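Chains as they are written, first to last, in numbering that gives the first Met the number 0: chain A, 0 to 330; chain B, 0 to 531.
Simulated from the structure, these hints should not be mistaken for lab results.
Treat the hints with care, since some could be wrong.
Computed footprint of chain B on chain A; a stretch qualifies when at least three of its residues, placed anywhere within it, have a C-beta under 8 Å from a C-beta of chain B [stated by the list, open to error]:
#1 99–108
#2 167–173
#3 284–293
Since this is a predicted model, take the numbers as computed values, not measurements.
Every residue gets a Cβ at the ideal spot worked out from N, C-alpha and C, and that includes glycine.
This is what each chain is made of:
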Amino acid sequence: MSNTELEPLKDPGLPAHAHRKADHDEVAAKRAERQVSILFLLSAAGTILFIYSYIWIAQDIYVYLPVIGTTNAHQLFLGLGLAFSLFFIGAGAVHWAKTLMPDQEVIAQRHEMRSSDEDRAGFIATVKENGASAGLGRRTLIKRTLGLSLGLVGLSPLLLLRDLGPLPSDDLTKTSWAEGVHLVTDPGNRRLRPEDLEIGAVAHVLPEMKHPEHRKLDDIAKDALLLIRIRPEEFRLDAEKLSWTYQGIIAFSKICSHMGCAVALYEQQTKHLLCPCHQSTFDVPTGAKVIFGPAARPLPQLAIKVNAEGFLVAAAPFNQPVGPSFWERRK
Amino acid sequence: MKPARERVAGSVANFVDERVGAAKFLKKNLNKVFPDHWSFMLGEIALYSFIILLLSGTFLTFWFVPSQEELIYNGSYVPLKGIQMSAAYASTLDISFDIRGGMLMRQVHHWAALLFLAAMVAHLMRVFFTGAFRKPRELNWILGVGLLTLGIVEGFLGYSLPDDLLSGTGIRIAEAILQAIPVVGTYAAFFAFGGAFPGLVFIPRIYTVHVLLIPGIILGLITVHLMLVWYQKHTQYPGPGRTEKNVVGYPLMPVYMAKAGGFFFIVFGVTAFLGAVASINPIWVFGPYTPTQISAGSQPDWYMGWLDGLVRMSPPLESYIFNHTISWNILIPGLIVPGIMFTGMALWPFIEAWATGDKREHNLLDRPRNAPTRTAVGVMSLTFTVVALINGGNDIIATHFSFTINQIMWATRISIFVLPPLSYVITKRICLALQRADRDLVLHGRETGRLVMLPHGEFVEIHEELSPEEAWTRTSHEQLAPIPAAGIDANGVRANGVLKDRIRARISKGILQEQIAKPTAKEKLELGDGHH
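Extracted from the complex, chain A is given alone in its bound form (with noise of 0.2 Å):
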């Protein structure tokens, strides 16, 4: 096949200038400058339209709008005043570029990125030379002295960024509970008796304490319970579970196993624990096992019993960290 067989089509250039009407037309292009300076007059009416709601329009009038609903008018206002404003300015500009502004396409030419051969060996030449007029390639123990002071100095900010925060020690192992701590509902911070649930019921729970006032959110994101009662014969537990649980009453971490949101969704119908984060579902009767989603653990379980006055309490601490997995999480 010779060349001139896969020659490919004649670029034809750029194809001729068309002229829009108002660069010949002197009523055309008055009626295109009327529509621009329309357009930036609207602008100005948004400024006004701004500036009277936020002096005159009370923030605590509702309206009604279609498809928007009930909204505030003083922020509606303000807003589409804004809105105004700023869309005319551009809307006039831009009609004001394509209508009058010469709309004649101009060619430039491009320039290689490279440099020249001729610079780039001025270059490194120049590069060479004055390396060579400091002594790098010399004075060595200038370069290695140097190599590792600005290594060093770099960890001087590592290090300030130490005191960020406190090394983890058992902080994510233990919570309040301990053997005998009060269960109380959570608002209310009232203990509970068994029979404060019944079947189908649940209670969310936190340890008792005696400034509840002064509770943190670190706490609350450990302690957090899920008081669930069913019929007793429908565990299906191993016999330590089963004792861990008080005539059907069971006690879980509310702290998802997965990425520590609050699983606090329980349908009661089906026994299903339901995570809305990432819809981890865990089985009740089961203990809590996982039967859906991305969890991998079942939800910690607490020992829960009876205390001599009746009140619920816990009867041991839990036996593994609740929360998400960490590295030195033990299996």
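Add chain B to chain A, keeping to what the hints say.
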């Protein structure tokens, strides 16, 4: 004597020029030519929404209190009166209900953030599908990937600041991801949060990162990004008169200035309109954050949704090695897959140049159909992300379309493996079909729908020949040949690295072999003027 206005302008210009020599620079650059195309405005939208973010964000900082100090709310939003909450949440309520224009600015800020990310993604797609990232613009592509990443982080931190129930849940999840990193994760989480979650320091800390650190970096990167566009000159679509060596368009002054400047006001106006009429992130509905509460249908903003969707569909995998826990169910969807996606994206220009052997400068854009493999890879990646995004909204979809969560989860778990390869194949076929259609159009002209009966009774349809401009636009692209499989010399001896070369030759064949030959001048001539 010149009029007073001109004299003042003249003396100001003189003052500046004598000190910085601006005239020389401006004379050259005011005539700089910019090609015109609607798709070049996508990056502009991203730039303008960033400026809107800076302006509206600065306004918000005047009243926002970045503190987790607990207080009892006593502002004008009645339903939350007397409730204990953080100062951050309370001050966000104050901005929304007590500061005039506060609600507007909050909503403008949030809408602009969504627009910023959407425009960046759209701009990225434009640059990818047209091959604008090719040499010499690979560095700008990498900057763009960096900007997108920073934008996502910045957006996430921003909507976390009000300390409402929804955003606190997002922070809780972010903490769990940090904590899941092997070896250093627990320490990283404790350093970031100043102890166990939630602690009292993360709002003030992410505030500094959100209003200073990341915007500063973004601003710096945008500056370099634009300087490179300026210096390297903008790419242009193929068309009559446009070559690799020229740039065809409008000069900066006045047309481009008016259009681009006007467009800034249009974008700002539209954002303000959204802020006026469309409620967004109504934090007063969610309530203040507490670790024991949650609402059904918890959703992140859209640009985090795909990540959340990946986490949701992950299988429950966790393993124990020497008494240490590795949470694959968090690491894979939360860090490994996104890491691969963003690294692959950043390296794509180099991967493509290596695979096609094309190391030349490109200033003319590709029509996506003329680079079928690239287009297919792009659509494949988008399909992957969209399937993940859909699963990120699985709870909302379930309630709105009467599916079960399980159905959607399994549908997306399967789709995420099946649909991307399928979309790859389909896209490639569509591209080749479009190439064929181009060839037909150029050679046989456009079907006019006009039927003519010939004297002997035969019906023919009149084809209208394309104009030379249209024909050129459809044929001006280059068609590269695959890299020949090298490495075996005349004596049949294999050279070093031959396996690498063979793989490369194979890949290049996969990319370049299948294409529809574009019409040549000779073919066009032989077929005449379209009457056949």
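Each hint, compared with the structure:
Given as covered by chain B, the region 99–108 of chain A passes the check, having 8 residues with a CB less than 8 Å from a CB of that chain where 3 are the minimum. For the region 167–173 of chain A, the stated coverage by chain B holds: 3 residues have a C-beta nearer than 8 Å to a C-beta of that chain, and at least 3 were required. Taking a C-beta to C-beta cut-off of 8 Å, the region 284–293 of chain A contributes 4 residues in contact with chain B, enough for the three needed, and the coverage statement holds.
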